[in-house]
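Chemist: Put chain B on the given structure of chain A with help from the hints.
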Amino acid sequence: MKPAAFSYIRAESLGEALDALEQYGEDARIIAGGQSLGPMLNMRLAGPEVLIDIMGLKDLDRIEFTDDGAMAAACVTQARFMGRLELPRAQPLLHEAMPWIGHVQTRSRGTICGSLANADPAAELPLLLGTIGGVVIAQSKRGQRGIPAGDFFKGMFETALEPDEMLLAVKFDAPKPGSGVAFTEMAERHGDFAIVAVAAVADQDGVTLGLGGIGPKPIVKRFDGLAERDVKAVLVGLAKSLDPQSDPKADAAYRRRLARELGLQTVLKAMERRHAV
Amino acid sequence: MAFHHIGTSPERVEDAALLTGRGRFMDDLPVPAGALHAAILRSPHPHAEIRGINAEAALALPGVAAVVTGVQVKALTRPFIVGVRSPIDHYPIAVDRARYVGEPVAVVLARDRYVAEDAMELIEVDYAPLDVAVDPILAMDEDAPVLHTAHGSNLVSERTFNYGDVEHAFASAAHVVSINTVYPRSLASPIECFGLIADYDPHEDVYDVLTHFQGPFAIQPVMAMALQVPSSRLRIRTPPDSGGSFGVKQGVAPYAVLMAVAARIARRPVKWIEDRMEHLTAAGSATNRVSTLEAAVMADGRVTALRWDQVEDVGAYLKAPEPATLYRMHTCMTGAYDIPNLAIRNRVVVTNKTPTGLNRGFGGPQVYFPLEQLMRKIGNVVGRDPLGIIRRNLVRPSSMPFTTPSGGVLDSGDYGALVEQALLEGNFADLEDARQRARRAGKLYGIGYAACVEPTISNMGYITTVLSAQERERAGPKGGAQATATVAVDPLGGVNVSISSTPQGQGHRTVIGQVVADALGIAPDVVRVNAELDTGRDPWSIASGNYSCRFAGAVAGAAWRAAGELRTRLARVAAAKFDCPAEMLDFRDGKIIHRENTNIGIDFKRLAGEGHWAASTLPPDLPQALSVTEFWSPDVLQPPDDEDRINGSAAYGFIFDFCGVEVDRATGQIKIDRYISAHDAGRLLHPAMADGQSQGGFAHGLGAALMEELAYDADGGFLSASLADYPMPTACETPSVQIVHRQTASPVTPLGAKGIGEGTTMSAPVCIANAVADALGLEQIDLPLRPAKLAAIIEVRRL
Chain A
1 MKPAAFSYIR AESLGEALDA LEQYGEDARI IAGGQSLGPM LNMRLAGPEV LIDIMGLKDL
61 DRIEFTDDGA MAAACVTQAR FMGRLELPRA QPLLHEAMPW IGHVQTRSRG TICGSLANAD
121 PAAELPLLLG TIGGVVIAQS KRGQRGIPAG DFFKGMFETA LEPDEMLLAV KFDAPKPGSG
181 VAFTEMAERH GDFAIVAVAA VADQDGVTLG LGGIGPKPIV KRFDGLAERD VKAVLVGLAK
241 SLDPQSDPKA DAAYRRRLAR ELGLQTVLKA MERRHAV
Chain B
278 MAFHHIGTSP ERVEDAALLT GRGRFMDDLP VPAGALHAAI LRSPHPHAEI RGINAEAALA
338 LPGVAAVVTG VQVKALTRPF IVGVRSPIDH YPIAVDRARY VGEPVAVVLA RDRYVAEDAM
398 ELIEVDYAPL DVAVDPILAM DEDAPVLHTA HGSNLVSERT FNYGDVEHAF ASAAHVVSIN
458 TVYPRSLASP IECFGLIADY DPHEDVYDVL THFQGPFAIQ PVMAMALQVP SSRLRIRTPP
518 DSGGSFGVKQ GVAPYAVLMA VAARIARRPV KWIEDRMEHL TAAGSATNRV STLEAAVMAD
578 GRVTALRWDQ VEDVGAYLKA PEPATLYRMH TCMTGAYDIP NLAIRNRVVV TNKTPTGLNR
638 GFGGPQVYFP LEQLMRKIGN VVGRDPLGII RRNLVRPSSM PFTTPSGGVL DSGDYGALVE
698 QALLEGNFAD LEDARQRARR AGKLYGIGYA ACVEPTISNM GYITTVLSAQ ERERAGPKGG
758 AQATATVAVD PLGGVNVSIS STPQGQGHRT VIGQVVADAL GIAPDVVRVN AELDTGRDPW
818 SIASGNYSCR FAGAVAGAAW RAAGELRTRL ARVAAAKFDC PAEMLDFRDG KIIHRENTNI
878 GIDFKRLAGE GHWAASTLPP DLPQALSVTE FWSPDVLQPP DDEDRINGSA AYGFIFDFCG
938 VEVDRATGQI KIDRYISAHD AGRLLHPAMA DGQSQGGFAH GLGAALMEEL AYDADGGFLS
998 ASLADYPMPT ACETPSVQIV HRQTASPVTP LGAKGIGEGT TMSAPVCIAN AVADALGLEQ
1058 IDLPLRPAKL AAIIEVRRL
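The listed protein sequences correspond, in order, to chains A and B. Counting in the numbering used here, the first sequence runs from 1 upward without gaps. Counting in the numbering used here, the second sequence runs from 278 upward without gaps.
Chain A extracted, bound-state conformation:
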């Protein structure tokens, strides 16, 4: 469990990081908190020639809460974001769900953007971004572009980022007034990647339901005008339509069961938490 040799660049400026990305492309990996990439390097599951460490870039340490959403730049750790006083009001779903991400120790180094860029199908943050909605800011020497949350995740560990692009920041949309949220997940141990994770946002017009751990990327469904009495039937139908993977921990039938049962609990809880504006 020792990594193969690699070159290490501690970027002193964003320009330096982007230069290196342009130069090395697919042979380079950005490293921020390193909570996923570190073990992958040690197990030689990842073997980049160049590691570009961006944690020294103070400009990328910003968190902003505005009326239209919450922004976290590339170096914002999960722990720091969770500790912001604005979070419960501004982003109630993130507030509820983030304690499920790993442990205190991993959250104190792991970044929000790093987890998104890693795009693990069972990780919480990709699911949360997909459910809440928002935009990912990608930056390269060619320029900057915004990628809508729904277009960002392409598959297992795959995103819309080009080899010369880095994830500069993420913006989560502000919740609609009066909406209720709920989150739960099933893992054998606290802090593990979820077998199935469920996030729900209920607003006055309907419900957005996100499912993690089911497919190669988060599944997000919108049910407009959903009434409480119909939730069960909708979830039974949805669970039947899913085609989850099987692994030694959990087979497809179990994942469908969790999607149905936890989906039901979570959607109902989110609907119950709606309030008048």
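Be aware that one or more of the hints could be misleading.
[Unchecked claim] Counterexamples of contact, computed for chain B against chain A with all Cβ distances above 12 Å:
| # | residue |
| --- | --- |
| 1 | Ala293 |
| 2 | Asp305 |
| 3 | Gly757 |
[Claimed, not checked] Just a few of them, taken from the derived set where beta-carbon distance is under 8 Å, the chain A residues facing chain B:
| # | residue |
| --- | --- |
| 4 | Lys2 |
| 5 | Ile147 |
| 6 | Asp192 |
| 7 | Lys249 |
| 8 | Ala250 |
| 9 | Leu258 |
| 10 | Glu261 |
Rather than coming from a laboratory, the hints here were simulated on the basis of the structure. The beta-carbon is built from N, C-alpha and C at its ideal position, and this holds for glycine as well.
Modeler: Frame of chain A, contents of chain B only:
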């Protein structure tokens, strides 16, 4: 003699260093000049011929010193010897055939581990995959692929035993109740993996290995014979600290041999630190076992006979001391019960899996899992609560010491009284109410029980029960279990103690300090205990080491006796000085004082110094009063008799556990509502450590119950090579156990102490399984109780 320190719970002398990051573990120790770092290339195949190994590219990599393969190792070693005679050749590295995923195939020696791992990727091995034998039952089929062609079959040992009149008991039984169980593989997983520094001195032909090998040191001769040197030329030294073992670090032995040979070949010292993936794949594991157990039961629930059929899967090789996992418990196959008739059929099978070895509980979980599920099932059959069946069959205090049909001598205890005490202190009545309330609220809630005896201080002879009486006769008798301790005074009255118990984090040095301080009437801080072992210098025996819960009973007992003998000698020196009988002198508060005339006395340190400074004034028949080395072996440990009866352990603790669990209907996840573990482990030397052992033993049992399994697919592929695939409970998943104690001093051990470290690892898996089966309305259930499995049961049974 009054105890001032024994039975109290002082802070551990070990902890200040450990808690401040100053422990001295294998990887912290200095490396000899010129040392090479080893990485092991391991077989990706469960079963394959090795047609060739091309290491040219690896050897060409800068920084690589050598690549060692099986052919080279074979030339310098002999196969390991084992307790069962069979033509199975086991070397510490595959020679011409790999038989499990993770078997060493080549060792790269390089200037650091990074380069060694780079080089490993450059080695080309020409494998020809072979058919596999994975399931132990299928592996016994006539047409199953055979692992060791010289042996001709995967069945390496079969013995049957018959004690009492089993046929008659079954013929006259009101009910015959039976159960089939499959116990999975798990691993106790110490936080520190294996590590060692090996060297070879060609001038004196001496191998020297520094490693946290935990014993039993019966394996030292096994290693020396493999290395083809007199055992005095294999020196094993242990580091100051070891990051846990739970039995597992016995498994470093084959690697010690492998790296000793590698050092000889490379003519340089070799350091090897095992990583976690290697550890999970190939360190060893507890045995998986398939058991069939039948009971002859009277109408009132009394069990009159048991008939066992056990198939033990030891993996690809029979690795010493296996098949000890099977035979350790031979002595107590009737558990905590008075069951007069017993039949046992034991089969040992090799399969394409990692060879097994010591793991906390060692054989206990595999036995109690069927036995205690069967007791529950008997309750259902005769229409009584399982608790009633347990109470009905427990060995009674008036029968103590109780001889089991297979020859075990349960030394002491009032089992029934501990059960009642546990039910009372654990508020059992409230638990029954909780179950009723939960069920009324539509929840899946169950209660489970387990009653077990915990054998402590293994008889070196128990493994020979695997041989027939004739074979034993030829091999010579084996029995006993020598423990040793040395207590010495220095010129200023400081007391130095050395023990051969190779602690792995358990606080042995603290407890020995308490024991010796009480024996000599001095303060514990005057006593300094050294637990590092050097087989080339220190007193030790083949029974030395850290296993079978032998510390409290045997090693602390030996230290007590050594200190007692030193006290006797010092008393004689003082008696001569004061011209009084030695019996009139008391040792307390750092002084030796006349019991009647307290004006007569001398400081301990002053008296101790006389043995150094004034040896000429000692009583003429007293050779010295400086140092005593005591060996102690319990006389109850004899070799097996001609009828295959064996007392496998010196003393036996008793455990009674019960718990309440809720199974989440939606997810199948288990929540342990309450868990109570009651122990009679004899006299407790350090109650807080005893509680720690129970809580830790529970955590291991909980892991085995809920989630841990070293899993293989049907093709022999290994599925659990990382901690993501081999989940273990963390602090978040491990509830606090309510621990209940009762202390019945053992008549066998010097201090009346028994072990307590393994008990709850034996009891918790079946106790939790019984509770889950109760919650789901099942007759029985196998492990691990992973949520997906339980959810499927809930779905099928429409619970």
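Chemist: How about Lys249/A: closest beta carbon in chain B under 8 Å, or not?
Modeler: holds (7 Å)
Chemist: Does the interface hint hold: is Ala250/A within less than 8 Å of chain B, judged Cβ to Cβ?
Modeler: holds (4 Å)
Chemist: Verify this label for me: Gly757/B is non-interface relative to chain A, using a Cβ-Cβ cutoff of 12 Å.
Modeler: holds (43 Å)
Chemist: Hint Asp192/A vs chain B: min CB-CB distance below 8 Å?
Modeler: Hint holds; Asp192/A Cβ to chain B Cβ min 7 Å, cut 8 Å.
Chemist: So, Leu258/A near chain B? Judge it on the closest CB pair being under 8 Å.
Modeler: At about 6 Å, which falls below the 8 Å cut-off, the nearest Cβ of chain B leaves the hint on Leu258/A intact, so it holds.
Chemist: Find the nearest Cβ of chain A to the Cβ of Asp305/B and say whether that gap is larger than 12 Å.
Modeler: Holds, because the least Cβ-Cβ distance between Asp305/B and chain A comes to about 18 Å, which exceeds 12 Å.
Chemist: Please verify that hint: Glu261/A, Cβ, nearest Cβ of chain B, below 8 Å or not.
Modeler: Status holds, d = 4 Å.
Chemist: Does the claim that Ala293/B lies outside the interface with chain A hold up, using a Cβ gap greater than 12 Å?
Modeler: holds (24 Å)
Chemist: At a threshold of 8 Å, is the proposed contact between Ile147/A and chain B supported by beta-carbon distances?
Modeler: Result: violated, 29 Å to nearest chain B Cβ.
Chemist: Holds or violated: the hint that Lys2/A contacts chain B, with Cβ atoms closer than 8 Å.
Modeler: Result: holds, 5 Å to nearest chain B Cβ.
Hint 5 from the list above is the single one not met by this structure.
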